[in-house]
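Okay, here's what each chain looks like letter by letter:
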Amino acid sequence: MALLSRVADRMYWAARYVERAEDSARVLRAYGDVLADLPTTSSRWSPLVSISGSDVKLPPVVGSDESQVAQFLMADREHSNSIVNAVEHCRENLRTCREVLPREAWQTVNDLSIYVRGAAVTSVERRRRDRFLSRVIDESRRLDGVLQSTMTRDEVFEMWRLGRYIERADMTTRVLGVRAAALLAQPPGSVDEFAEVQWMGVLRSLSALQMYQRATRGPIDGPAVVRFLLFDHRFPRSVAGCLAEMRTSILRLPEYSTVLGAVEAVDRQLRRSRPAADDGAVLDAAMDEVQSALARLDTVMHEQYVVH
Amino acid sequence: MGCGGVRSSVVDELLEVDGSPRPIARELIALLHRIGIDEVRERQRVSDLEILTMGISFTVYSDGENIDRAWPFDVIPRLIDGDEWSIVERGLAQRLRALNHFIDDVYNDRRIISDGVFPAGLLDDSANYRPECQGVHPKFGVWAHISGSDLVRAGDGQLYVLEDNLRVPSGVSYVLENRAVAKRTFPELFQRYRIRPVDAYTDELNRLLASLAPDDRNDPCIAVLTPGIFNSAYFEHSFLAQRMGAELVEGQDLVVGDDDCVYMRTIQGLERVDVIYRRIDDLFIDPEAFLPDSMLGVAGLMRAWKAGNVGIANAPGAGVADDKVVYAWVPDMIRYYLGEEPLIPNVPTYRCMYDDEREHVLANLGDLVLKPANESGGYGIVIGNRASADELEAVAASIRADPRNWVAQPILDLSTAPTLVDDGIEPRHLDLRPFILTGEHSYVTAGGLTRVALTKGSLIVNSSQGGGSKDTWIVDTNDPSGHQPAQAQNQAQNQSAGI
Chain D
145 MALLSRVADR
155 MYWAARYVER
165 AEDSARVLRA
175 YGDVLADLPT
185 TSSRWSPLVS
195 ISGSDVKLPP
205 VVGSDESQVA
215 QFLMADREHS
225 NSIVNAVEHC
235 RENLRTCREV
245 LPREAWQTVN
255 DLSIYVRGAA
265 VTSVERRRRD
275 RFLSRVIDES
285 RRLDGVLQST
295 MTRDEVFEMW
305 RLGRYIERAD
315 MTTRVLGVRA
325 AALLAQPPGS
335 VDEFAEVQWM
345 GVLRSLSALQ
355 MYQRATRGPI
365 DGPAVVRFLL
375 FDHRFPRSVA
385 GCLAEMRTSI
395 LRLPEYSTVL
405 GAVEAVDRQL
415 RRSRPAADDG
425 AVLDAAMDEV
435 QSALARLDTV
445 MHEQYVVH
Chain X
11 MGCGGVRSSV
21 VDELLEVDGS
31 PRPIARELIA
41 LLHRIGIDEV
51 RERQRVSDLE
61 ILTMGISFTV
71 YSDGENIDRA
81 WPFDVIPRLI
91 DGDEWSIVER
101 GLAQRLRALN
111 HFIDDVYNDR
121 RIISDGVFPA
131 GLLDDSANYR
141 PECQGVHPKF
151 GVWAHISGSD
161 LVRAGDGQLY
171 VLEDNLRVPS
181 GVSYVLENRA
191 VAKRTFPELF
201 QRYRIRPVDA
211 YTDELNRLLA
221 SLAPDDRNDP
231 CIAVLTPGIF
241 NSAYFEHSFL
251 AQRMGAELVE
261 GQDLVVGDDD
271 CVYMRTIQGL
281 ERVDVIYRRI
291 DDLFIDPEAF
301 LPDSMLGVAG
311 LMRAWKAGNV
321 GIANAPGAGV
331 ADDKVVYAWV
341 PDMIRYYLGE
351 EPLIPNVPTY
361 RCMYDDEREH
371 VLANLGDLVL
381 KPANESGGYG
391 IVIGNRASAD
401 ELEAVAASIR
411 ADPRNWVAQP
421 ILDLSTAPTL
431 VDDGIEPRHL
441 DLRPFILTGE
451 HSYVTAGGLT
461 RVALTKGSLI
471 VNSSQGGGSK
481 DTWIVDTNDP
491 SGHQPAQAQN
501 QAQNQSAGI
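Going down the list, the protein sequences come from chains D and X.
If you read the first sequence in my numbering, its first letter stands for residue 145, the second for the next number, and so on.
If you read the second sequence in my numbering, its first letter stands for residue 11, the second for the next number, and so on.
Heads up, a few of these hints could be off.
As the list claims (entries may be wrong) - Per the computed footprint, the stretches of chain D lying under chain X, defined by three or more beta-carbons under 8 Å from a beta-carbon of chain X, are:
#1 251-264
#2 278-287
#3 389-401
Stated by the list, open to error - If you want a taste of the chain X side facing chain D, the calculated C-beta under 10 Å gives, among others:
#4 His43
#5 Arg44
#6 Gly267
#7 Asp268
#8 Met274
#9 Asp365
None of these hints come from the bench; they were simulated from the model.
What you are looking at is a predicted structure, and each value in this text was computed from that prediction instead of being measured.
We put the CB at the ideal spot given by N, CA and C, even for glycine.
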C-alpha cells in the first residue's frame, strides 16, 4: 500500500520528537545523578542546555541554577525542545496519522501526553524529577515495543525507524560534543579524582555504562568511551550502530539511492572524526561536522519523499 | 397540556409512567439498584478515564489551547426493543431509497415535477441544489450513500424522523466507541441481554465505497477526504480511515491529472485514487467548480467525477434533498417512487410557501417550532413557547419576506431516559441518529448515536453545546432459536479486533 508523503513526514517527525523527549530525559536523569556525587554542584548545569540544541538560546532569566535549567528542559512551553513540547509535537504529528498506526501506539502516546502535561511543572523539583523522567523514558520505549510487536514492516514503519535513529545519532554526538569534549580538554597532568564518575555519567546519559563495561572489560577511560559511543556498531545508541539501522530501513524504501548516499556521507564524516576521540580540543568541532551531515540527510529525505 | 412549560406527556425510554422499569429495562434497572449510586459513579469515572486515554475526542473551536475535548458519555445505556427496531431499520432503508430516487430524478428527468407530485420552482431556490450536477448518473443511481436521519420519540410513543442528514453526517465513530466502552462498563449486562453488535459498520462502509469505484478498477484505492485536524469531526475521519485501512487525505495530498483521474502524492510519486469518501461540504471540494478560494478541496475533482474516473460519496449535490422544505415531501416520494407506504412517519410539517399553511403558522407561532430550510446544526430555529414576543415578531417578518424558506412543526415532547447527573440519576431528553448506507444494497446501524441533553429540561443534544451521548442497545427478546447468541458474537469480535 502506498504511503502518502504527508503521512511519511509526520511519522518521521513523531519518531524524532519522542526520541528527543526520551534522550533529554535520560541525559537530565544521568546528570543529576552525577552531580550528586560531586563536591560542589554550583554553576554546572548550563552544559545541559547546550546539549539540548545549539540553536537554543537560554533566556536571560535562566541561569545555571539547577531548578531553572530543569524547568527549562522539562516544562518550558516556550522552549520547543523541552520534554513537554517534544511529547506534544510527537502527539500532534501522530494525531494526523492515526489511521496508519496500531491503536495501542496512539494510546501510549496519548497517555504519555496527558501525564506529561499534568506532571511536568510539579516534577521539576529534584525529589520528584526522577520518577517523571523515568516515566518518559519507559513510555517512549513502550511505544517502540508496541510498534515492534504489532506493526507490519511497511514504509510507515521504516519512516518511524529512520526518525528514531537520526535523532538518536544526533543526541549521541551532542552529548559527546559538549560533555566528553569538556572532560577530555582538561589540562594534561591534572588529576581529577572525579573524572571517572563523570565519564560514567556520560555513559549513563546514553544508557551505555553496562554495555561499555562488557565490551571493553576495562576501566573507564575517556578516549575508549568516546570510541565506543561513536564506532561500536553493535551498541544501538552508538552513531555507527544508528547508521547501520538507517541503512536497513532505507533499503526497504523506494528510490533510495540519494538517501543512501547521504547516509554514507554521514559515515565518512564519522570516520574522519576518529582521531578526535583522544583530543578534546577538536572533538566538539568533529561532532558538529557529523551533526551537519545528519542535517543534510534529513534534507535529502525530505526532498526525496515529501516535496518531490 | 400543563402550564408553565411543564408537559405531562413525556415518554421515558426505560421507565413506565408509574416509574417501574419497562420489561426490556428490568435487568438494567435491577443492576443499577443492586450496585448503588456510588458504584455507578465509579463506573462512570473509569469509563471517562478510558475515553481520555483512548483519545476518543471531538474538537471545539476557539477553546484556547485544548481544542481536543474528551467525548461526553453517560454510562447508562438506552435500550430499544429489537422488534420495534426491525421496523425502523426497514423504514430508514425505504426512506433513503426514495430520497436517492428523488435526487437522481431532479438532476435528470424531473419526472416527479412533471407528474405534479413535487412543485416546480422549489429546487431552483434551494441553497443545496448544484446545477453542475445536472445530467450525471452515479453508479446504482445513488447519491446519498451515507446518511444519518435524526429520530425522536414523541409523547404518543411513536418514533418520528425529525430530519435527514445527507451531506456529511457525523457521529458513527462514537457509536462504535461507545459500545467498546459500554462492554467494559457493564460486562454483566452483555451476558444477560442479547444486544445486536454494531462493529460491522466499517466493513459495510468499506464494501459500499469499494462498489463505487470505476468498473475497470480492481482492488480500488479508497481515500477519506478530511478538511484537516481543526474540523470538529477529525477524530471520526481518522477512525474510519483506520478501521477501513483507507488513506486519510487532505486536499493538498490530491491532484487531478490531465487525464481527468485523481492521484495522491506518495513517497513513490503519484498514485491513482478510485473512490473518495469526502467529509468536506460540496461547495469546498473543488475550487474549479465551486468556491474558487477553497483551500480544502482539489481542483478538477468534479471533472474527474463526471468523467466516471472516481467515485465520490456522498455525491456532490446530494444535499438538495437535505432541506427542511423538501423534507415535507418525503412521504409522497416514498409513495411515488416505491409504491409503498412510509414505515416511519414524518413530523407533521407546515410549508409556509402555501398561503393556507402559512396563515395557520402565523396564527399559532407560540405553539410551533419554526425552522429555516437550509440551516444545519440547529441554527436559526425558533421554539415558539420559549421565544419572546419580539423574537416571534421577527420570525413572523422573516416568514412573510421569504415564505419558501420556512417550515413549522408542532413542539414535540422528546422522550427521556435515566441519566447520571450531579444530583443522581434523573430523566433527560434525548434523540437518536442511526446511520444508513445505501448502494446496491442498504444497511442500517443496529441502533445509532443516542444524544442526550444533560441540562435539566433542555432539548439541546449537541455535544458542542453541553450534550452527552449514550450507548444504544437494540435488545432481542424473542426466541433466539437458530441464532447465535449475541454475547458470543460480541466476544468473537473483541478477540478479532485485538481489544
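Do the hints match the structure? See the list:
no.: 1; hint: 251-264; verdict: holds (count 4)
no.: 2; hint: 278-287; verdict: violated (count 0)
no.: 3; hint: 389-401; verdict: holds (count 3)
no.: 4; hint: His43; verdict: violated, 34 Å
no.: 5; hint: Arg44; verdict: violated, 32 Å
no.: 6; hint: Gly267; verdict: violated, 16 Å
no.: 7; hint: Asp268; verdict: violated, 19 Å
no.: 8; hint: Met274; verdict: holds, 6 Å
no.: 9; hint: Asp365; verdict: violated, 53 Å
This entry does not satisfy hints 2, 4, 5, 6, 7 and 9, going by the numbered hints stated previously.
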